[in-house]
Structure formats: C-alpha cells, structure tokens
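Asks: With chain X held as given, fit chain F onto it using these hints.
Protein chains: 2
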Amino acid sequence: MTTPGHLYGVGVGPGDPELMSVKAHRLISSTPTVAYFAARGRPSNARAVADHLLTDDHIELRIEYPVTTEALGAHQSYEDLLIGCYDDAARRVGERLAAGHDVVVICEGDPLFYGSYMYLHNRLADRFAATVVPGIPSPVAGAAAIARPLVCGTEVLSVLSGVLTVDELKSSLAAADAAVVIKLGRNLAKVRAAVESVDLLDRAFYVERASGAAQVTCPLAEADADRAPYFSMVVIPSATAFLR
Amino acid sequence: MTTPGHLYGVGVGPGDPELMSVKAHRLISSTPTVAYFAARGRPSNARAVADHLLTDDHIELRIEYPVTTEALGAHQSYEDLLIGCYDDAARRVGERLAAGHDVVVICEGDPLFYGSYMYLHNRLADRFAATVVPGIPSPVAGAAAIARPLVCGTEVLSVLSGVLTVDELKSSLAAADAAVVIKLGRNLAKVRAAVESVDLLDRAFYVERASGAAQVTCPLAEADADRAPYFSMVVIPSATAFLR
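Quick note, the sequences are listed as chains X and F, same order. Residue 1 is where the first sequence starts when you use the working numbering, and the numbers rise one by one after that. Residue 1 is where the second sequence starts when you use the working numbering, and the numbers rise one by one after that.
Please note that the accuracy of each hint is not assured.
It does not matter which identical chain is used: a pair holds within one copy or between any two.
[Stated by the list, open to error] Mimicking EDC-like on lysine to aspartate or glutamate, the simulated pairs with C-alpha atoms at most 20 Å apart in a straight line are: (1) Lys190 to Asp167; (2) Lys170 to Glu18; (3) Lys190 to Asp224; (4) Lys190 to Glu155; (5) Lys170 to Asp202; (6) Lys170 to Asp87; (7) Lys190 to Asp87; (8) Lys190 to Asp202; (9) Lys190 to Asp88; (10) Lys170 to Glu196; (11) Lys170 to Glu155; (12) Lys190 to Glu64; (13) Lys170 to Asp56; (14) Lys190 to Asp57; (15) Lys190 to Glu60; (16) Lys170 to Asp199; (17) Lys190 to Asp51; (18) Lys170 to Asp126; (19) Lys190 to Glu168.
Honestly, the hints are just simulated from the structure, not real lab data.
Chain X with its partners taken away, still in its complex shape (with noise of 0.2 Å):
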C-alpha cells in the first residue's frame, strides 16, 4: 500500500522573494509537486514569489479560482462557484497525495491570515498529515515599507477588510490603537472617508505592493485615487512616541 503524501500549506510572504523563510525556500526547492491559487486567466502572486525556485523538475498544480465578475447561472452565488473550486482543488490535490506525492502549497503571506490554502486544509487534513508553514503577512510588511512603529507596549491592534462597510470600519478604526486595512481595491476611496472621519488620516499611510519591487508609500491623504491595487493596504501605526 502506498504511503500517503505530506501535504504542506507554505507562506512565501508579502513580495520579496528574499522575504520568504529559509523553511519555505528548502521546502519548495526539494518538493516535486507545488500548487498555487490564481485567478482565472492572470499569473499566480505566490507563484511570481516562488519562480526562482521552480525548475522543470517541478509538477505545477494551478488551482484557478473564479473572478468576481464572471456571469453566474440561475441560483448560483459567487459562493457557490468558490466552493466549487475548492472541492475541485481538494480532488486534484487530494489525488497526488493519495498516490504518495507530497504536496507543498504555496500562498502569499501566511496560509490562515485571510490565505486561500485554509480551504485545502479543512478539506484535506483529516485524512492526510498536513503541516503549515507560516510567512510574513503583509501588515508587518507594510509597516517595515513606511518604517513606522506599527504597535507597541498594551496597544491594540486591529487588522480590517476594506470590504467592510464605512459605520464598520469607522467603529472598529475608533476602537483600536493602531490598525492596517487590507483589501483595498475598489474599496480605496471609501476606506480613506472612514480614516478621514474617526480624525485618523492624519497618521495613515498608503502601502502599494510591499516589499515588491513595484513598492508604493505615500501618506494616505495623497493616495486620491479610487481605486487601488487589490495588494494595496492602508497602515495606521501607533501614535504613541512611547519611550522616544
């Protein structure tokens, strides 16, 4: 009987290759099969992170996820689509460990802060061993970009969705000390009206792309566009100058 593969959900962090932890790099470097999430018809971001790695030894497991816009059918949600992608994911990968590959997914960030892989991992890791490797998530990314103290001593930080609505983001901006909003996107122009309200644009930044090579930072007040990339993040970091 076969040995079942290890399944293995792998952070590669915000951008910079070099960003990725040196457990990643010996994983992804020696592990044959590597899957990755991207969206229908557009490069992976973890796979970009990775390429260095990759040579033609590798089996490539792309794991398409539908986009937003697509035309859904009679009684089916976006929701449903997701779902179906992922059970669809969970086959392929469940297959190759079945027949005693291991398997390393590669996520941007860290695979359970807001990563795609924790739909593999509830799906997989009951019946096969599976280890998560965590990785920079991109608020601390995005703080090292603007090289501000993000959150210090007893000071609360909250980590936010720009999908959130404004009365959401404004009650949750009030309450914390410090705070990076994610997922941007569209979301921008509505996400900088809840800063400017709770008297907080003052202190934001705008951090396009972390650690990318295409890194943006400009205070958020100068960030007037509507939109902006879905890797785009607004940080707010701590107004304490404790201890300067």
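Replies: Relative to the frame of chain X, chain F by itself:
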C-alpha cells in the same frame, strides 16, 4: 571622512531558526556587527534564534534592559530606567554606525510589531540610513501551531496584550471575529477569565513558544496554570466555516 554604516532592524521570526527569512539569514551572516536585546542576566531570545549564524568574526552588542523587579531609586520609574537603557543602546549602536560599520539589530518576530528595535529606530533613523526587514510575528506562528484558520473573508482580527484590564480585554474580544492575546506571562488567569466571560473559551487555544523546539499547544480550557512564559499567547481563531 568616514561613510557612516547602515542600520538594519531584522526580524528573525517566532522561534524556529528555519523561519527566519532568507534576507535575515543573509544579513546576519554577512554583517560583522550584530546587536540584540536581552533582559538583565538572561539569554537573548533573538540571539538564540540566530545562534547558528554567529561566528567568532561577529562583534556582538548585547543591550540589556532592566527587569521590572529591579529596585528603583527615589523619583525613578521603570519607564525612566527603560528610556535610559534605550538612550544608552542608541549611543552604542550609533558609535558603530558613525565609525562606518553596518549594524544588524536582530529582533524576535517582527521589529515593528511590539519590538524593542523601534526605540533604536526612533533615535537613530534621522541620522543614519535605516532599513527594516520584516519577520514572521508570533500570532501567525500561533495559528500555524494549532493549524486552524486564523482569520478569513471580511473578518476583523485583533491583537491584544495580556497586560490590558479584564474590561478592556472583554470589549476588544467581543468586537473582533478572531483575536490573539500576546504577553501572557502572569496575566494568563486574567485573560482566561476574560475569554470565558465573553463565551469564547470553547474555541480558544493556549500556545507556548510557537514554532520553537519547546512548543506547547492545548485548548485554553485545559491551561489552568496561573502563570505562563512571556512567550505564550491565546489564539482565538475564526469561527467561520466559510466555504468549508
């Protein structure tokens, strides 16, 4: 005239030496002067993570911070002691930089996420070129240790300090979809009581020394000691079975 050195604040990650980034590995290996913080009379946790990279050719700047149990002089607060410690550390590191030597300050986790590096950065970055290299912060290592999705979709993640009062903990926990409480130490019993009082005990985990050789995990309900190591946390992962 001597060209001043470059200051690097380098996160070495949560404990497993293999979880430091490739960039951290390169900078520590190639930079002769390495600085780190340690409590008076105790080994440095950051140095322990990087121990395998430090050779006889490295010059080590050990920065001791006072412990809270030290006797204070009249009219002297613990904060005064810390400020003196950071001022002195900035002077020592600044002297090396001014003499033309690069200095790598290694930090557990991430340098700007509750890290002491920020106090050096605040004192030196106006005079010397400084770069922050992010690292894997403990909350994502905690989630990896228990292999539970930490936060997904549009959920809010809050990072809290165990030093907060029970009421502060309760209101922050009640407002978040997922939370991590760090700096447990002698606050474990209080944090557990707060978690229980907002009905989150059934999905809370206790994680000690995440990713390290001495890692311990268990349901928080089973962690009944009054006191935990400083490097322990409570992880309350997402309750959502979203797209399960």
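Asks: It remains to establish, for every hint, whether it holds in the given structure.
Replies: Hint check:
For a Cα distance limit of 20 Å, the shortest separation of lysine 190 from aspartate 167 inside one copy, 10 Å, qualifies, whereas the shortest one across copies, 31 Å, does not. When the C-alpha separation of lysine 170 and glutamate 18 is checked against a cutoff of 20 Å, the pair qualifies neither within a copy, at 36 Å, nor between copies, at 39 Å. Taking identical chains as interchangeable, the C-alpha atoms of lysine 190 and aspartate 224 lie at most 20 Å apart only when both belong to the same chain, with a minimum of 11 Å there against 45 Å between chains. Taking the shortest Cα distances, lysine 190 and glutamate 155 sit within 20 Å of each other only across copies (17 Å), while inside one copy they are farther apart (25 Å).
Taking the shortest alpha-carbon separations for lysine 170 and aspartate 202, only the intra-copy value of 15 Å comes in at or below 20 Å, while the best inter-copy value is 29 Å. With identical chains, the CA atoms of lysine 170 and aspartate 87 are never at most 20 Å apart, being 36 Å at best within one copy and 37 Å at best between copies. For a Cα distance limit of 20 Å, the shortest separation of lysine 190 from aspartate 87 qualifies neither inside one copy, at 34 Å, nor across copies, at 41 Å. Taking the shortest Cα distances, lysine 190 and aspartate 202 sit within 20 Å of each other inside one copy (16 Å), while across copies they are farther apart (36 Å).
With identical chains, the CA atoms of lysine 190 and aspartate 88 are never at most 20 Å apart, being 35 Å at best within one copy and 45 Å at best between copies. Proximity of lysine 170 and glutamate 196 under a CA criterion of 20 Å is satisfied intra-copy only: 9 Å inside one chain copy versus 27 Å between copies. Taking the closest pair of Cα atoms, lysine 170 and glutamate 155 come within 20 Å of each other both inside a single copy (18 Å) and across two copies (15 Å). For the identical chains of this complex, lysine 190 and glutamate 64 are neighbours neither inside a copy (29 Å) nor across copies (45 Å), given an alpha-carbon limit of 20 Å.
When the C-alpha separation of lysine 170 and aspartate 56 is checked against a cutoff of 20 Å, the pair qualifies neither within a copy, at 49 Å, nor between copies, at 53 Å. With identical chains, the CA atoms of lysine 190 and aspartate 57 are never at most 20 Å apart, being 46 Å at best within one copy and 53 Å at best between copies. For the identical chains of this complex, lysine 190 and glutamate 60 are neighbours neither inside a copy (38 Å) nor across copies (48 Å), given an alpha-carbon limit of 20 Å. For a Cα distance limit of 20 Å, the shortest separation of lysine 170 from aspartate 199 inside one copy, 10 Å, qualifies, whereas the shortest one across copies, 25 Å, does not.
Proximity of lysine 190 and aspartate 51 under a CA criterion of 20 Å is satisfied in neither setting, with 35 Å inside one chain copy and 47 Å between copies. Proximity of lysine 170 and aspartate 126 under a CA criterion of 20 Å is satisfied in neither setting, with 39 Å inside one chain copy and 33 Å between copies. In this assembly of identical chains, lysine 190 and glutamate 168 lie within 20 Å of each other by CA distance solely inside one copy; the values are 11 Å within and 29 Å between copies.
Going through the hint list in order, the structure does not satisfy hints 2, 6, 7, 9, 12, 13, 14, 15, 17, 18.
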